[in-house]
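Chemist: Sequence:
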Amino acid sequence: MTKRVTQDEIEQAKNVDLVSLCQANGIDLFQRDSERNQLRWTEHDSLVINTKKNIFKWYSKDNVGGDAINFVREVLNIASFSEAVRFLNGQDYKQAEVVVEEEKPFDYYFRNESDFSNANDYLLNRGISSEIIDCLHQKGFLQEVKRYDKPVEKYVPHLAFVWAKDGVVAGTTTQNLTYDYDRFGESGKDKPKIVGHSEKDFGFNITLGKPESIYVFEGAVDLLSYWTMNPNLTNSFLCSLEGVKEQSVHNFLNYVILSKKTIPSDVYLSVDNDVAGHRLNDAFRGLEYSTPDGDTLKFHTNIPNDLVVPKDLKTLYQDSLTQLNSSMPIEYLAAIHKSITNFSEKHDIGNGMGYEKYFVCKEEKKKPEYSLEGAVKQVISDYDKQPTHGIEAVKEMIKIGGWLTLPEEKLFNKVVSYIDSYEKGNMQIEDNLKKDWNDVLTSKNQQSFDNKQHLFTNQRDERLKIIKDDTDSKKPFKGILERKDSAPVLFFEAENRKQAVTLAKNYGFYALDKEDSKKYKVNNPNKKAQSDQQAIPTKMKRQFVQTL
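Position 490 (the sequence shown) corresponds to 490 in this note's numbering; numbering is contiguous.
Heads up, some of the hints might be wrong.
Said to hold, decoys possible - For lysine-lysine, the following BS3-like pairs were computed, each having C-alpha atoms within a straight-line distance of at most 27 Å: (1) K200 with K61; (2) K311 with K424; (3) K14 with K362; (4) K189 with K346; (5) K484 with K465; (6) K61 with K434; (7) K362 with K314; (8) K362 with K311; (9) K193 with K146; (10) K139 with K200; (11) K57 with K362; (12) K200 with K245; (13) K365 with K57; (14) K357 with K314; (15) K478 with K468; (16) K311 with K61; (17) K346 with K357; (18) K311 with K367; (19) K200 with K53; (20) K444 with K311; (21) K434 with K191; (22) K298 with K261; (23) K193 with K139; (24) K434 with K498; (25) K314 with K395; (26) K150 with K193; (27) K377 with K424.
Unchecked claim - Computed Cβ-Cβ distance ranges for the label pairs, DEER-style: (28) K53 with T262: 33 to 41 Å; (29) S371 with T178: 39 to 47 Å; (30) P231 with K357: 38 to 46 Å; (31) T315 with E199: 41 to 49 Å; (32) G425 with Q7: 45 to 53 Å.
Honestly, the hints are just simulated from the structure, not real lab data.
Don't be surprised by glycine CBs; every beta carbon is placed ideally from N, CA and C.
Construct all of the structure, not just a fragment, from the sequences and the given hints.
Modeler: Written out as structure tokens, the structure is:
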């Protein structure tokens, strides 16, 4: 029997210097001019080593990262935790000299700008309700500030998500509001950044009434998106992990219990539908706690589009089952694939149990040659070989040894939960998966726009109606001009909704709909500009408990 590694051995392995580890294993690193204390892998520049803290993050792999042990497992492909520890301690690697910084209280040093328009426009363009934006801005949760952007050598506007804790500011996340496609890629926007000395493992949060439920999100925009789609939420605590951090879930739960003097009955894990989100969700899957008053606190999966199966995968499943003349239900096949990798196109582990059998390819160099069809057919073949079929056959397939280990049992229960949902007819087939709550909101807004006739007018009291013509695949959005004494005429055509609204604005029209006017910045020139400090909607005012 292999001897277990001790805690001292684990600590020694954790503290191996990552730079010397890379040098010894032929991993070349480089530094970008604008980055201090950071080195990147030449082969995959999304893998970043923080030389000051001796930790790494691999951003393109859903924020995989951590210490030297995680590095060996993820990069050098030594899957076993104990083997990784022995590998690190069996070599003459340099120990890192990590300087532990003194914890300092958070200082909100920003000057809030009187002009909130850049931040307001950003949130409106993300689909967030104007009522929510106005309310949170006036309450102090959302601010526009300026931060120094070193690459451009000037101060630029940022949206500040202000973290509240017991009536004081405990931290802040900022979002750069400038577009730079060369620096930030296809979206043109930088990722949100946590301001230094913000409280560790905490984040942006909103309290609505006396919390009976906690909703956990990865980011503030997802939180606001979910609230926008569910405006009648009451007695709830909405919180952002500012990433995918298990400890933050525990910290928020403790905060609600101690600060709000209440024990919630439900925690809804509303994280992204990707491998990192599912790993976090699996850490709490099936957990229940008994409360002192005899009730139960339960954790629930609230991942967007979690029962969606990509259309191309369903086709692959059906074709493979037909070719092998298999009796395996397609629901079983999809559930196994979903549970292990979350349909990851990179074939990464998408479960929190570390289960790697079927569908997983950890070696980066082998991924281009990996055959998903081969993996699908292997699962089908293994199922058909079982002496009995059904759920028991799935359990036998999941076992790697002679008995079902605890992680394997957890994975089996996960598979069964998806099978149950799929067999009840809840499997949804789609081409494009919306992976986070803002994606879902944006999609709903697009559908709403497509089904709505947007109305505009001008100072001559002419009416302009924007409609969608589904028979025109090139320029489906039509601007129809209506005058009092003449028949409606086609005024312009556009490829998309934004182009249509821009054309309306350029022709001197302004939106009749208040929400359109705010969202698309087509303002009534005759209307007096509203004050920055608008009255807080009464409905919103009643919901809030804490203020800054």
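Chemist: Each hint should be assessed against the structure and marked as holding or not.
Modeler: Hints, one by one, checked against the model:
1. Restraint check for K200 and K61: the C-alpha separation of about 23 Å stays at or below 27 Å, so the hint holds.
2. Between K311 and K424 the alpha-carbon distance is near 19 Å, which keeps this suggested pair within the 27 Å criterion.
3. Under the criterion of a C-alpha separation no larger than 27 Å, the hint pairing K14 with K362 is consistent with the structure, at around 21 Å.
4. With a C-alpha separation of about 24 Å, the suggested pair K189 and K346 falls inside the 27 Å cut-off, and the hint holds.
5. For the proposed pair K484 and K465, the alpha carbon gap of about 14 Å is at most 27 Å, so the pair holds.
6. A threshold of 27 Å between alpha carbons decides the hint, and for K61 with K434 the separation of about 18 Å falls inside it, so the pair holds.
7. A threshold of 27 Å between alpha carbons decides the hint, and for K362 with K314 the separation of about 24 Å falls inside it, so the pair holds.
8. For the hint linking K362 to K311, the alpha-carbon distance of about 25 Å falls within 27 Å, and the restraint holds.
9. Under the criterion of a C-alpha separation no larger than 27 Å, the hint pairing K193 with K146 is consistent with the structure, at around 13 Å.
10. The hinted pair formed by K139 and K200 meets the criterion: a straight-line CA distance of about 23 Å does not exceed 27 Å.
11. The hinted pair formed by K57 and K362 meets the criterion: a straight-line CA distance of about 16 Å does not exceed 27 Å.
12. Distance hint between K200 and K245 is fulfilled; the C-alpha atoms sit about 10 Å from each other, no more than 27 Å.
13. Restraint check for K365 and K57: satisfied, since their Cα atoms lie roughly 19 Å apart, inside the 27 Å limit.
14. In summary, the hint linking K357 to K314 is supported, as the alpha carbons are separated by about 21 Å, within the 27 Å threshold.
15. Between K478 and K468, the direct Cα distance comes to roughly 6 Å. Compliance with the 27 Å bound is thereby established for this hinted pair.
16. The straight-line distance between the Cα atoms of K311 and K61 is roughly 23 Å, inside the 27 Å bound, and the hint therefore holds.
17. Distance restraint check for K346 and K357: the Cα-Cα separation of roughly 15 Å lies within the 27 Å cut-off, and the hinted pair is therefore satisfied.
18. Our distance criterion of 27 Å between C-alpha atoms is met by K311 and K367, whose separation comes to about 22 Å.
19. Restraint check for K200 and K53: satisfied, since their Cα atoms lie roughly 15 Å apart, inside the 27 Å limit.
20. Restraint check for K444 and K311: the C-alpha separation of about 20 Å stays at or below 27 Å, so the hint holds.
21. In summary, the hint linking K434 to K191 is supported, as the alpha carbons are separated by about 19 Å, within the 27 Å threshold.
22. Proposed proximity of K298 and K261 is supported: the alpha carbons are some 18 Å apart, at most 27 Å.
23. Note on K193 and K139: the hinted pairing holds, with a Cα-Cα distance of about 22 Å set against a maximum of 27 Å.
24. Proposed proximity of K434 and K498 is supported: the alpha carbons are some 21 Å apart, at most 27 Å.
25. At roughly 22 Å between alpha-carbon atoms, K314 and K395 fall within 27 Å of each other, so this suggested pair holds.
26. For the hint linking K150 to K193, the alpha-carbon distance of about 14 Å falls within 27 Å, and the restraint holds.
27. Restraint check for K377 and K424: satisfied, since their Cα atoms lie roughly 25 Å apart, inside the 27 Å limit.
28. A beta carbon spacing of about 36 Å between K53 and T262 agrees with the range 33 to 41 Å that was offered as a hint.
29. In this structure the hint that S371 and T178 lie 39 to 47 Å apart at CB holds, the actual value being about 43 Å.
30. Hint check: P231 to K357, Cβ distance near 44 Å, so the stated range 38 to 46 Å holds.
31. As the Cβ distance of T315 to E199 is approximately 48 Å, the hint placing it in 41 to 49 Å holds.
32. Separation of G425 from Q7 is about 49 Å and conforms to the stated range, judged on CB atoms against 45 to 53 Å.
In this structure, none of the earlier numbered hints is contradicted; all agree with it.
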